[in-house]
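Undergrad: The listed protein sequences derive, respectively, from chains D and G.
Quick note on this note's numbering: the first sequence kicks off at 172 and runs consecutively.
Quick note on this note's numbering: the second sequence kicks off at 196 and runs consecutively.
Hints are computed from structural coordinates only; laboratory data are not their basis.
Careful, some of the hints might be misleading.
[Said to hold, decoys possible] With the Cβ distance kept under 7 Å, some of the chain D side facing chain G (calculated, not the full set):
{"id": "1", "residue": "S204"}
{"id": "2", "residue": "F292"}
{"id": "3", "residue": "G322"}
{"id": "4", "residue": "C383"}
Ideal placement from N, C-alpha and C gives every residue a C-beta, glycine not left out.
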Amino acid sequence: MLEALQYEFMRNALAAAVLASVICGIMGTIVVSKKLVSMAGGVAHAAYGGIGMALYLGFSPQLGAIGFALASSLFMAWTTLRMASRADTVISIIWAVGMATGVIFSDLTPGYGADLMSYLFGSILMVAKEDILYMAILSLALCAFVPLFYGHLLAYSYDEDYARTRGVPVDVLHFTVIVLVSFSVVLTIRIVGLILVIALLSIPPYIAEKFCRSLAGMMATSFLLSMFFSVSGLAAAYTFDLTSGAAIIIIAAIGYLAAEVYLKFRKKPKGA
Amino acid sequence: MTGPQDIYFEDVWFSYNGTFVLRQASFSVPTKEFLVIIGPNGGGKTTLLKLMLGLCSPQRGKIILFGEYTPREASHLLGYVPQNTNINLDFPVRVIDVVLMGRLRGLKFLYTKEDRRAAEEALEIMGMDKYANAKMRELSQGQRQRVLIARALVSQPRILLLDEPTASVDVEAQRILYDRLRELNEKITIVLVSHDMTVISSYATAVACINGTVYYHGSKEITSEMLQMAYGSCPVELVAHGIPHRVLAKHDGDRDA
Ligand SMILES: Nc1ncnc2c1ncn2[C@@H]1O[C@H](COP(=O)(O)OP(=O)(O)OP(=O)(O)O)[C@@H](O)[C@H]1O
Ligand SMILES: [Mg+2]
Chain D
172 MLEALQYEFM RNALAAAVLA SVICGIMGTI VVSKKLVSMA GGVAHAAYGG
222 IGMALYLGFS PQLGAIGFAL ASSLFMAWTT LRMASRADTV ISIIWAVGMA
272 TGVIFSDLTP GYGADLMSYL FGSILMVAKE DILYMAILSL ALCAFVPLFY
322 GHLLAYSYDE DYARTRGVPV DVLHFTVIVL VSFSVVLTIR IVGLILVIAL
372 LSIPPYIAEK FCRSLAGMMA TSFLLSMFFS VSGLAAAYTF DLTSGAAIII
422 IAAIGYLAAE VYLKFRKKPK GA
Chain G
196 MTGPQDIYFE DVWFSYNGTF VLRQASFSVP TKEFLVIIGP NGGGKTTLLK
246 LMLGLCSPQR GKIILFGEYT PREASHLLGY VPQNTNINLD FPVRVIDVVL
296 MGRLRGLKFL YTKEDRRAAE EALEIMGMDK YANAKMRELS QGQRQRVLIA
346 RALVSQPRIL LLDEPTASVD VEAQRILYDR LRELNEKITI VLVSHDMTVI
396 SSYATAVACI NGTVYYHGSK EITSEMLQMA YGSCPVELVA HGIPHRVLAK
446 HDGDRDA
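Please model the complete structure; the sequences and the hints are all you need to start from.
TA: In structure tokens form, the structure reads like this:
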């Protein structure tokens, strides 16, 4: 297994897995505890439209993805602030329209079918140097942003009304979080693909939530879990020649089941 | 510099979506008032507090706090105990972290030692210091309410707004809370939503009945007309709950419901 590390693509894949885990650990925790999972899904699928358009017009797919992701997420943020009760409808519309746009552009762009497929399921083994650079920048930004605004983030996620009364700029924070979610989603698409990105963002924090007493603990635990899932998924993909993104998610799902089973059997009354 | 009136409402109208739930509210609350707000379910009590806190903005009229600020500008001078203790129960948050939120400010990073000490002290006052590291969802409803009261106390407010803070706490916690409120009331203004009529006779300096609009009475005398307007029925059970008859004064009926 270790001999795989002599290949540069394998070392890059490992670096990408670690960085993606930092991003998913931190942003996934916020997404899950703030109940933005379906919005993250909407962003991922809107990004697909941008990738299709970029391939058709011949510019960088990453650029297309981030453009569509930002536009759609800001629109969703705006609608959720104004009419929270209709948010899920708006999100599913954006979800479907993004997908449809991508498919139509791929119809118009013969010969790129395989490229678009790689965005659906991810290709951590083909991750480029600049992707790693972008992920490193985002990870660093998150590691600076979160501790500095921890109290604000906590109040915003836990009790928005109370946060407002303390003068926390909830709307600014909301938009910032949404922009960060967009970047996280677009960069994670490289690793596991857009179909599975929501799983990687939500499964580790969802497991961590059951064991942690604080948001910070949940972030750290999700980071460790998601690193474990992606590295072992990568190993499985390499060994058995599987699609890496799918392997990572299956392992994460097994981890989730294991956590549930563990909690079931642990719940015996203590002491007498 | 503080004006003589901590809270000033001038012809305030508010609706969530179309129909006004608060009409024509005009009143002012002087500094160090102990105002008790009563009224039926859906009467607009919570809405009135949210207007004072700047969480809702009126469609018409104006609200001025401390003689010169809008509610949003002054919100850090207000302490708030929300009515709902069951928000976000799945959320991984410890009791001490919830209380620390009371020390949060718009552009303040990281809590100081002083903040932590104050938070622990507030928990101790409410008898919840043993639970500082418990998760919120591991507490009972009444215990959660005690934590939210501690959070409001720790913010050192100039006006303390409490929305039915004793709805699910026991007699002991009520006594702690009311003693504390009386003590605080020597320096700050208290606005308390309560269905508990005995509170009025022993603590209130003013009473407001809210039922779509605000009937403000600058003394703690509740008249039977007020109760009639507020609750729309004869409050026999209120009298039975031990309000002294002198509190239920005769009223000269200035306004109809
Ligand atoms: N977020 C909201 N959106 C729309 N209508 C609302 C909202 N919150 C309250 N209302 C309506 O406003 C009116 C006043 O509600 P409010 O919560 O202020 O009543 P309350 O006096 O606090 O009642 P309770 O004694 O039950 O706490 C009610 O008719 C309610 O239906
Ligand atoms: Mg209410």
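Undergrad: The structure should be examined with respect to each hint, and the outcome stated for every one.
TA: Hint check results:
Checking S204 of chain D against chain G: minimum C-beta separation of about 6 Å stays under 7 Å; hint holds. Given hint, F292 of chain D at the interface with chain G, is violated; its Cβ is 31 Å from that chain's nearest Cβ, farther than 7 Å. For the restraint placing G322 of chain D at the interface with chain G, the shortest Cβ-Cβ distance is roughly 5 Å, inside the 7 Å limit, so the hint holds. Because the beta carbon of C383 of chain D sits about 5 Å from the nearest beta carbon in chain G, less than 7 Å, this interface hint is met.
Going down the numbered hints, you'll see the structure goes against just number 2.
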